[in-house]
Amino acid sequence: MRPIIETEVVVIGGGVTGVGVLRDLTLRGIKAVLVEQRDFVHGTSSRNHGLLHSGARYAVRDEEAAIESYRENLILKKTVPGSVEATGGVFAKVPEDEDDYVAKWVKACAKVGIPTKEIPVAEAIKQEPYLNKRVQAVYHVPDGAVDPFTLAIDVAADAITRGAKVLTYSEVVAINKQGSTVSSVTVSNRYTGEKTDIHTKLVINAAGPWGSHVATLAEVPLKLINNKGLLTVMNHRINKQVINRLRMPGDADIFVPAHNVTIFGTTGRNVESPEDFSLDREELEQMLKEGEALVPGVTEMRMIRAFTGSRPLYQDTDDSDSSGRNVTRGLALLDHSTRDGLEGFITITGGKLTTFRYMAEKTVDLVCEKFGVNVACTTHEEQVAHRDAKQFFKETDIAPAAKTKLFHWAGKNAKEIETSLNNETEDKIVVCECEQITWAEIKAAMPEGRFNLTDIRRRTRLGMGPCQGTFCNQRVAALAVEKGIATQEEADWALKDAVTNRVKGMGVVATGETSKQLQMMETIYKVSLGLNEEGKSNV
Amino acid sequence: MHELSFHETTFEKCLKCNACTVNCPISNVSFDFGGPKHLGPELKRMMDHQEVIDDARIELCTLCGTCDASCPENVHVSTLTSYAKAIHAEENGTKFRDLILSNAELVGKLASTFAPITNMTMKVKPVRKAMQKVLGIHADRQFPTYEFSNFKRRYNKKHATTEKKVAYFTGCYATYNAPDVADSFIKVMEYNGIDVAIPEQKCCGVPMFANGQMKQGLKNAQFNTNSLLEYTRQGYDIVMTCTSCTSAFKKEYASYLKTEEAEELAQHIYDADEYLRILHEEGVLNTNFATINAKVGYYAPCHMKGQGIGNPAMDILELIPGFEIQDMAASCCGQCGTFGFKEEKYPYSLELGKGLATVVEELDADYTVTECGMCKNQLDQLTNKQVKHPMQILKTAYEKVPVTS
Ligand SMILES: Cc1cc2nc3c(=O)[nH]c(=O)nc-3n(C[C@H](O)[C@H](O)[C@H](O)COP(=O)(O)OP(=O)(O)OC[C@H]3O[C@@H](n4cnc5c(N)ncnc54)[C@H](O)[C@@H]3O)c2cc1C
Numbered sequence: 001m002r003p004i005i006e007t008e009v010v011v012i013g014g015g016v017t018g019v020g021v022l023r024d025l026t027l028r029g030i031k032a033v034l035v036e037q038r039d040f041v042h043g044t045s046s047r048n049h050g051l052l053h054s055g056a057r058y059a060v061r062d063e064e065a066a067i068e069s070y071r072e073n074l075i076l077k078k079t080v081p082g083s084v085e086a087t088g089g090v091f092a093k094v095p096e097d098e099d100d101y102v103a104k105w106v107k108a109c110a111k112v113g114i115p116t117k118e119i120p121v122a123e124a125i126k127q128e129p130y131l132n133k134r135v136q137a138v139y140h141v142p143d144g145a146v147d148p149f150t151l152a153i154d155v156a157a158d159a160i161t162r163g164a165k166v167l168t169y170s171e172v173v174a175i176n177k178q179g180s181t182v183s184s185v186t187v188s189n190r191y192t193g194e195k196t197d198i199h200t201k202l203v204i205n206a207a208g209p210w211g212s213h214v215a216t217l218a219e220v221p222l223k224l225i226n227n228k229g230l231l232t233v234m235n236h237r238i239n240k241q242v243i244n245r246l247r248m249p250g251d252a253d254i255f256v257p258a259h260n261v262t263i264f265g266t267t268g269r270n271v272e273s274p275e276d277f278s279l280d281r282e283e284l285e286q287m288l289k290e291g292e293a294l295v296p297g298v299t300e301m302r303m304i305r306a307f308t309g310s311r312p313l314y315q316d317t318d319d320s321d322s323s324g325r326n327v328t329r330g331l332a333l334l335d336h337s338t339r340d341g342l343e344g345f346i347t348i349t350g351g352k353l354t355t356f357r358y359m360a361e362k363t364v365d366l367v368c369e370k371f372g373v374n375v376a377c378t379t380h381e382e383q384v385a386h387r388d389a390k391q392f393f394k395e396t397d398i399a400p401a402a403k404t405k406l407f408h409w410a411g412k413n414a415k416e417i418e419t420s421l422n423n424e425t426e427d428k429i430v431v432c433e434c435e436q437i438t439w440a441e442i443k444a445a446m447p448e449g450r451f452n453l454t455d456i457r458r459r460t461r462l463g464m465g466p467c468q469g470t471f472c473n474q475r476v477a478a479l480a481v482e483k484g485i486a487t488q489e490e491a492d493w494a495l496k497d498a499v500t501n502r503v504k505g506m507g508v509v510a511t512g513e514t515s516k517q518l519q520m521m522e523t524i525y526k527v528s529l530g531l532n533e534e535g536k537s538n539v
Numbered sequence: 001m002h003e004l005s006f007h008e009t010t011f012e013k014c015l016k017c018n019a020c021t022v023n024c025p026i027s028n029v030s031f032d033f034g035g036p037k038h039l040g041p042e043l044k045r046m047m048d049h050q051e052v053i054d055d056a057r058i059e060l061c062t063l064c065g066t067c068d069a070s071c072p073e074n075v076h077v078s079t080l081t082s083y084a085k086a087i088h089a090e091e092n093g094t095k096f097r098d099l100i101l102s103n104a105e106l107v108g109k110l111a112s113t114f115a116p117i118t119n120m121t122m123k124v125k126p127v128r129k130a131m132q133k134v135l136g137i138h139a140d141r142q143f144p145t146y147e148f149s150n151f152k153r154r155y156n157k158k159h160a161t162t163e164k165k166v167a168y169f170t171g172c173y174a175t176y177n178a179p180d181v182a183d184s185f186i187k188v189m190e191y192n193g194i195d196v197a198i199p200e201q202k203c204c205g206v207p208m209f210a211n212g213q214m215k216q217g218l219k220n221a222q223f224n225t226n227s228l229l230e231y232t233r234q235g236y237d238i239v240m241t242c243t244s245c246t247s248a249f250k251k252e253y254a255s256y257l258k259t260e261e262a263e264e265l266a267q268h269i270y271d272a273d274e275y276l277r278i279l280h281e282e283g284v285l286n287t288n289f290a291t292i293n294a295k296v297g298y299y300a301p302c303h304m305k306g307q308g309i310g311n312p313a314m315d316i317l318e319l320i321p322g323f324e325i326q327d328m329a330a331s332c333c334g335q336c337g338t339f340g341f342k343e344e345k346y347p348y349s350l351e352l353g354k355g356l357a358t359v360v361e362e363l364d365a366d367y368t369v370t371e372c373g374m375c376k377n378q379l380d381q382l383t384n385k386q387v388k389h390p391m392q393i394l395k396t397a398y399e400k401v402p403v404t405s
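Which chain is which? The protein sequence lines are X and C, in order. For what it's worth, full-length UniProt numbering labels the leading residue of the first sequence as 1, then goes sequentially. For what it's worth, full-length UniProt numbering labels the leading residue of the second sequence as 1, then goes sequentially.
Since the hints were made in silico from the structure, they are not lab data. All figures in this text were calculated on a predicted structure; none of them were measured in a lab. In this text, a Cβ means the ideal position worked out from N, Cα and C, and glycines have one as well. Hints should not be assumed to be uniformly reliable.
[What the hints assert, rightly or not] Here are some, though not all, of the chain C residues that point toward chain X, as calculated from beta-carbon distances under 8 Å:
hint	residue
1	H38
2	M46
3	H49
[Said to hold, decoys possible] Below are the BS3-like pairs computed for lysine-lysine, each with C-alpha atoms no more than 25 Å apart in a straight line:
hint	chain 1	residue 1	chain 2	residue 2
4	X	K126	X	K240
5	X	K526	C	K13
6	C	K385	X	K126
[Stated by the list, open to error] Over 10 Å on every C-beta distance to chain C, these chain X residues come out as not near it, computed from the model:
hint	residue
7	L27
8	R237
9	D492
Isolated chain C (complex conformation) (with noise of 0.2 Å):
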């Protein structure tokens, strides 16, 4: 038997009625994607206990996941195309690049390093030519910045002392190019009295399920899943600040691992406004927000949505008096996590970016509010508008409280 055959029998429920397909943002740019329906759960239909179909098609699957959120018949649609992915890797090889891309930690861990340098080799264009040619990454692709005082530098608490108790998944874009989201959301919850762990951590996994490296993703699953329940088994909530990550443990842990640990974990997750939403109803939230006025966009990113949680970074930041922000309902950014990155998938990245570009030009917000780091790198490439992470704008809102005494 192929040693990627795996066990997810929810393709079984598919009534192949294509809403999958009908929603999914690549199906709706082009052709060229055979779509979530068919590289999903009918392909493992056609090879659960026969031979392997290997479809190079289903590297323009992003893993965005709104196959998920628009199955009726709620298949794991991709649990079914990452596998499918899994399965493409593993005939075809993986290129060097795409290695490099699903290892999101790695690089962040040697990028940091040498932080003030990557950035700036990220910009020069002769560096990024030669990477186009080489590994395949589109020389006009922008560059999420790297921060030499990564967010592991800066605060390494491994226990919380007060009574609600939080453990922070920080994720690599919070850790190496944003350590100022994850800063925010530190003293974000220290408003709220509530003191931050940062638990033992590996990439979610995402990158490498996006990219065929399933073995190793699922390495990462199960050690975080470990290092987590941990932590929940004595009481602490796990939240996080990137969206993809979140959707990770709550949705592909589950489904991949298929164990009663993954799914116990899944119990505990949050997105951080998520958190603070909950806190709001339980009123025990600090509202004590500043005004701040300003018109803002926000972009809701793919994996935020499928989680089918609502909008509670609106929600949350609707709070601050002052505020007005306005959801631009847009589709699929077109960034992808490593995606947009790929000499190949630039053009698709762009023209799924189209719409998202215009509302944002039409809006012609301050600024605009997103929690996806990737969906920021998109929006600096094609917007010029500023692009913050909800974190940021709480850390403002209570910071400017006037202190009364």
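The shape of chain X in the complex, shown without the other chains (with noise of 0.2 Å):
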């Protein structure tokens, strides 16, 4: 008998969406699992570009997103302000930029009421030395960025302190049903294999682009457009707010500061795959080249890497578009027991990051319908543990950029972090130079399972710098081995599937210094630590 758990609802995917879905679901009450086939934000939730919208890219053409994409700003700033900057974002008109469109621009916002501020071009200069001093009108709106990572691992850690259920590594293999009526899930582990059933009364598919994949599973029809744009990682923060292009939204006019870098993109083309996480250098090319309008220069500015995510856009008709542009991009609701007569199954899709929590809001709403259950929503006020933790580490002797990086990010491991930093001598080796981070605030930040450096990037942001963790990696695995945390087998795993996949997004922006570093990193695990193709050490 494989083993089975009981709950009311199963939420499919662990992106923003799902673990929004499952906060709000706890909230109010219901009790939920939510499984994930990787870990969390293995899909567009950390493939994206970060920015908490103001709206104001929305204003002109889609007036109901601009005024969500506002009102959420606002909420997230305050709901989960650990995982939000509020940078504040410029847009700026550049010479090849409609001059119409400024005014058309500058009174839609005004009659969604995002605030704009038009600032003297020689004061935008100074605040952005990056910015073209060729541009001609900037406006100054209340854009942020948000850090998707800890958003996702935040709330779901709020909503597992609530009674919540979460099984990252466990793909749904099999929806089952019982007549026209889901009954349960059938979910295999992703490392040993083994299968476990989940009963439930409802299942919330929030797979994201692999939705149609999930649909299919319950046998309802389910068309999705995944929309793949592609973003590059600057070496360093070239930008204290986001940098917007003031014009009709297109390719390769966002600049989003992200902690020490800034990412800059995007593109649109449609995959077949939500695995395609192909990357172009043409594209790329073509994304710098225009790029160059609002950053000039930015072609020969040093990039860490290139990643790409999918849109998930909902299409309600069949008749297919290939730009991917007419569709919708706001938020899909849909109940397939009206829709397609199968009972139990919900599917929330589209939308974006920065109205991940009102997607959770309708979506549990119709859960609470179904249910009979009579709870308004909190989540517009119910704050999210904070990331800040400047109270701690005052007597903690560490280098100050390690302790500024804790300040902002310790959170609620803030105490275990500073207890271990001011007793154990070993934890306070930086183990990873480039982001600052110590021993302790991995041992912290460890997540239950088999040991995963790509798990633990995630939250810390362990080998996100320059190095792409050519030096810190390896400390960890080594370290790991040393505790007894991993045997040396999963250590060498987890460094070559950690290499690999940096070594993929160094290649595409692989010129200058980013070249020299990827053959560095190569020549240092393949040579001097004898890790070949298959994952074993040769030493």
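Got two chains here, each in a separate frame; can you build the complex from them with the hints?
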């Protein structure tokens, strides 16, 4: 007999949408289990721009999206402060951009209530020295930067403290029915292949670009367009605030700061498979060329890596539109009982990172209606634990840079990290120098389950800096073996897995310094450490 | 934005290889220092467009520039660490002592006015104890002596009349502490038929950068750049006898000021020995040297090595008949400008100097040669060998040539 779990709702997908739904369900007293085929934010939720939209980008074209974004922008700044940096943003018009659009845009923003403020060009350039000196008009807007990694992890952690259950590395392989009602899902452990049945009243498909596939498991038709966008990570943070191009939204027109880096993009190309994370050098070059308009010289700047993610866009009818532009980017909440006659199955898709909370609210409203539960949503007020930890580490003797990181990062782990830093000399070792991460922090953030460097990366930023794990991944792997956290085989596997992953993202941007960095990484791993293709150490 | 946010992008090229840290003299004697990679490029990357991070360990950086020379990617590591110093000074205020030490010129002017008294005071124990207590200048540290007849009082020619013209940036050390070095240089040039002018000048700024006085240092840099460009644009070559000054004009000015003027000036800057070597290559150096039978050890200052000009002092001194000179190939002497005067840095300074002291002792030469006045200060303290500047030796070699009629 397979192990069985009993619950009321199963949420499929550990992206922001899924964790948002999980937390809202829990807050309204509904028992729920979230299942994720890999780790949190394996999908689009970690493969995006991290822009907390002010709505200004949508003001002209999509009023509703603009209003939603601005409202959620204000709510998220308040409710998930640890994952939001209220950087503010600017919209800048370059000579190539249409003159008429400016007035149209200012008017549209005013209409939906998004505050904009014109700033003198000289002042804007002083604030953002990398901005094109030829800009003709610059406006300030309340954009922000959101860290999707901490966002998803913290929202999920909050739900877990309130009684929710999460199974990672658990892929839904079957959705089982009794008659025309969903009764359970079967999940398979990604590492062991072990299967578990989860008995449930309701299943929520929050599988992002995998949504169609999950719908197929439930035998309902669902047409999604997966619109893949390319993003590139600059070697350092080149802007204080978000920089947008003041024109009709297009490709390559946003620079978003993200801690120590800036993320620049993006593009849009429809792809078949949700697993299509392929990178195209030509697309990158085109994007960079376009980016020169806002940030001259961007083509020559050092980049750390590039990555792609797919926007799951819901299409109501079947006539396919290859540009992906005319399909709604708003949220799509599908009740498959009214739509397809299948009870106990809901799909929530589309939308944005910025509106994930609202998507969850709408979804859980529907669940409550179905369950006859009369509890109002509170996520617009209920705060997720802050990451701020300034009151800690006063006596802690570590590099000020590492301390600064902890001040903004440690959050609810602060006490534990402080204690271990103050008591164990070894815990003070800065294992990742680019991002200033101590072993104490790694220990505190290490998820349960199999030792996996990529999971640690998502929780700490390990290996996210310019060296892309050349030095830190092996240090952490070695320490894990030394401390009995992982076996030699597990550590080798994790190292190989992490390196392969990084090499791919670096390869496409590998010119100049990044190509040398890549060579150094490969030399260290393949020659010095003897890590061959199978992930076995020869030493 | 923080007043000290500065535009310096060479950190972008850092590959995190740690070559700078491996070669850093301080990192080699102590774990207390965060190392040039962390306090230079790494820290800068984490501060750009974000909050300023003040790391007190930057005080241990001596700005010797070994990091710059060891970087395979040409990151301006010491520019970055000097800004980290400026940030630290700004955030914490500057110790009165560091202000004094950074102002070598002012101290020089004052001290040379009262030269005999100053020199006496520096040797008197109770006074030194008080200085350590009040100022944090270590009581056991020997000081360079000051000369009443400072060089400015001796020689003040503003224009050269020969075809090849040299403008001499004297620097604080040769002006106030060792006017004999300056005199010797003028003489050496004279033996080569080159007239020397002394342009208006202020301290090169190196001690200011080292003590976080970035703004004052930049002011001086700007002043000197303007003043010296007037000369180079009239065909003068700028020559210096202090390798730290030379290094500042060649490297730091361009890197800190980021102006075309600073770049332009850098093309005309020569270390005195480097200049003589060029004359020799051009076949115009007066090689009529008297024989000096001596066996000497040469010590290359960090700021000379950082210029990437090979070893011009040895190249020139080897031309003297009978002169046997050997490179002692020792690492940093540990005086490091004002660093070694500070009470809390004194132990590091001595630890750093050990290597050099041992080589001097083992070589047991007749005396030691080095261009740098600060290295000389450490050598005077740690060894019992006399220390000479190459110009002093060359002058003697010219003067001892018997006059034939
Ligand atoms: C290039 C790009 C840039 C973007 N920029 C922004 C931006 O700046 N601001 C903004 O607000 N929005 C942005 N977005 C949109 C935003 O990222 C997405 O709307 C959001 O992340 C979608 O989250 P999700 O949870 O719905 O999907 P996902 O994050 O993809 O989550 C789905 C999860 O389901 C899991 N899963 C799939 N199948 C199964 C299965 N069978 N069993 C178990 N688990 C399964 C997957 O592993 C995945 O983790 C951007 C999108 C893209 C593509």
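Against the structure, the hints:
no.	hint	result
1	H38	7 Å, holds
2	M46	6 Å, holds
3	H49	4 Å, holds
4	K126/X x K240/X	11 Å, holds
5	K526/X x K13/C	23 Å, holds
6	K385/C x K126/X	56 Å, violated
7	L27	34 Å, holds
8	R237	5 Å, violated
9	D492	23 Å, holds
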